[in-house]
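Novice: For reference, the chains in residue letters:
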Amino acid sequence: MIFVTVGTTSFNTLIKAIDETKINDKVIIQKSDGSYLPKNYEFFEYTNEIKKYYSEAEIIITHGGAGSIFKLVGMGKKVIGVANEERTDKHQSDILKKMADENYLIWCKDLTKINEAITKAKKTNFKKYTPPECNIAEYITEFLN
Amino acid sequence: MKKILFVTGSGGHSTESLILFEQIKDKFEFEFLLENDDPFTKKQIKELKIYEAITIRGKKENFLFTIFRGIKCSIESFFVFIKSKPDIILSAGPGIAIPISYLGKLFGKKIIFIESWSRVNTKSIAGKFIYPISNQFYVQWPEMTKIYKKGIYKGRLG
Chain V
1 MIFVTVGTTS FNTLIKAIDE TKINDKVIIQ KSDGSYLPKN YEFFEYTNEI KKYYSEAEII
61 ITHGGAGSIF KLVGMGKKVI GVANEERTDK HQSDILKKMA DENYLIWCKD LTKINEAITK
121 AKKTNFKKYT PPECNIAEYI TEFLN
Chain P
146 MKKILFVTGS GGHSTESLIL FEQIKDKFEF EFLLENDDPF TKKQIKELKI YEAITIRGKK
206 ENFLFTIFRG IKCSIESFFV FIKSKPDIIL SAGPGIAIPI SYLGKLFGKK IIFIESWSRV
266 NTKSIAGKFI YPISNQFYVQ WPEMTKIYKK GIYKGRLG
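Taken in order, these protein sequences are the chains called V and P.
Each residue of the first sequence is one higher than the last, beginning at 1 in the working numbering.
Each residue of the second sequence is one higher than the last, beginning at 146 in the working numbering.
Please keep in mind that the hints were generated in silico from the structure rather than gathered at the bench.
Hints may contain errors.
Below, computed lysine to aspartate or glutamate pairings styled on DMTMM-like, alpha-carbon distance capped at 20 angstroms [said to hold, decoys possible]: (1) Lys113(V) to Glu20(V); (2) Lys148(P) to Glu142(V); (3) Lys191(P) to Glu167(P); (4) Lys147(P) to Glu142(V); (5) Lys187(P) to Asp33(V); (6) Lys148(P) to Glu192(P); (7) Lys90(V) to Glu167(P); (8) Lys299(P) to Glu133(V); (9) Lys16(V) to Glu49(V); (10) Lys255(P) to Glu142(V); (11) Lys71(V) to Glu133(V).
Put together the whole structure using the sequences plus the hints.
Specialist: See below:
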């Protein structure tokens, strides 16, 4: 199963592109409050059981929100990331490029090539993400006391 | 106990902010300033004092609207600042953090900013504005210390 998820920010361009692509796997879409309603695949806005969908999915297609990306590649999922340029700036490309360069995921830059990305994701052995040690909290505390 | 006004907003900002908050919540007194269109974050910090101000980010709006929102946000931030009387303004963006950080600076408060973990090679708008007035400015990718000379890299929140 391929799970398409956009978190809390709508991403019509992605949902529409997926819907208009003939994909040979089962596809389930979490679309947030986006206005585009898929015609060809099962979809819902939100769910309280997102973890179930994550664990059942062979591949997860998602936006370039860093929080979602870290979480999914940290779980060892196969991820295809698509930058959401409906947002006001284009910073999702920044993190997607970095994560793709490091072999954590596939960055799909062209939505007409989603099937190529899926085929590639199936064949690729990705690195599992582990965040670096973080001492920000300690440094802030020390600085303020 | 020193009081931190923690400014955060929708998108990824609140995720990273709340991770940090969990790690320091017992060490300081906290109040939050959130964007007024962000029920998701609000739900997660319901037991604390929360102020709201209008979000500055325009979704495909023209520039004049952004200016208008900026002015309105600044006025609202001023009243929040008077009511909250924080010692420290801490934020990880978004734009809503800009006016309150400048107000804090004007009144001699400490300003700490954490550039979003989504920034590997580019500056956020909030980061760009707050960098010159910050007492501490954290980045979450080593590459970013080239872009912000006084940027501090001490790992990533997630």
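Novice: Does Lys16(V) pair with Glu49(V) here, judged by a C-alpha cut-off of 20 angstroms?
Specialist: Violated: Lys16(V) and Glu49(V) sit about 23 angstroms apart, past 20 angstroms.
Novice: Hint check: Lys147(P) vs Glu142(V), CA-CA at most 20 angstroms. Holds or violated?
Specialist: Distance ~13 angstroms between Lys147(P) and Glu142(V) Cα, so the pair holds.
Novice: What's the verdict on Lys148(P) and Glu192(P), does the C-alpha distance respect the 20 angstroms limit or exceed it?
Specialist: holds (16 angstroms)
Novice: Can the restraint linking Lys71(V) and Glu133(V) be considered satisfied, given a maximum Cα separation of 20 angstroms?
Specialist: holds (16 angstroms)
Novice: Compare the distance between the alpha carbons of Lys191(P) and Glu167(P) with 20 angstroms, and conclude whether the hinted pair is satisfied.
Specialist: Answer holds: Lys191(P) to Glu167(P) is near 14 angstroms, not above 20 angstroms.
Novice: So if I understand the rule, the pair passes when the alpha-carbon distance is 20 angstroms or less; does Lys148(P) with Glu142(V) pass?
Specialist: holds (15 angstroms)
Novice: Under the criterion that the straight-line Cα-Cα distance not exceed 20 angstroms, is the pair Lys113(V), Glu20(V) satisfied?
Specialist: holds (12 angstroms)
Novice: Would the pair Lys90(V) and Glu167(P) pass a check requiring their Cα atoms to be no farther apart than 20 angstroms?
Specialist: With a Cα-Cα distance of about 29 angstroms, the restraint between Lys90(V) and Glu167(P) is violated, given a limit of 20 angstroms.
Novice: CA of Lys255(P) to CA of Glu142(V), is that 20 angstroms or under?
Specialist: Holds, because 13 angstroms separates the two Cα atoms, which is no more than 20 angstroms.
Novice: Can you confirm whether the C-alpha distance between Lys187(P) and Asp33(V) stays at or below 20 angstroms?
Specialist: Given that 20 angstroms is the threshold and the Cα spacing comes to 18 angstroms, the pair holds.
Novice: With the threshold set at 20 angstroms, check whether the alpha-carbon distance from Lys299(P) to Glu133(V) stays at or below it.
Specialist: Holds, at roughly 8 angstroms.
The structure shown violates the earlier hints numbered 7 and 9.
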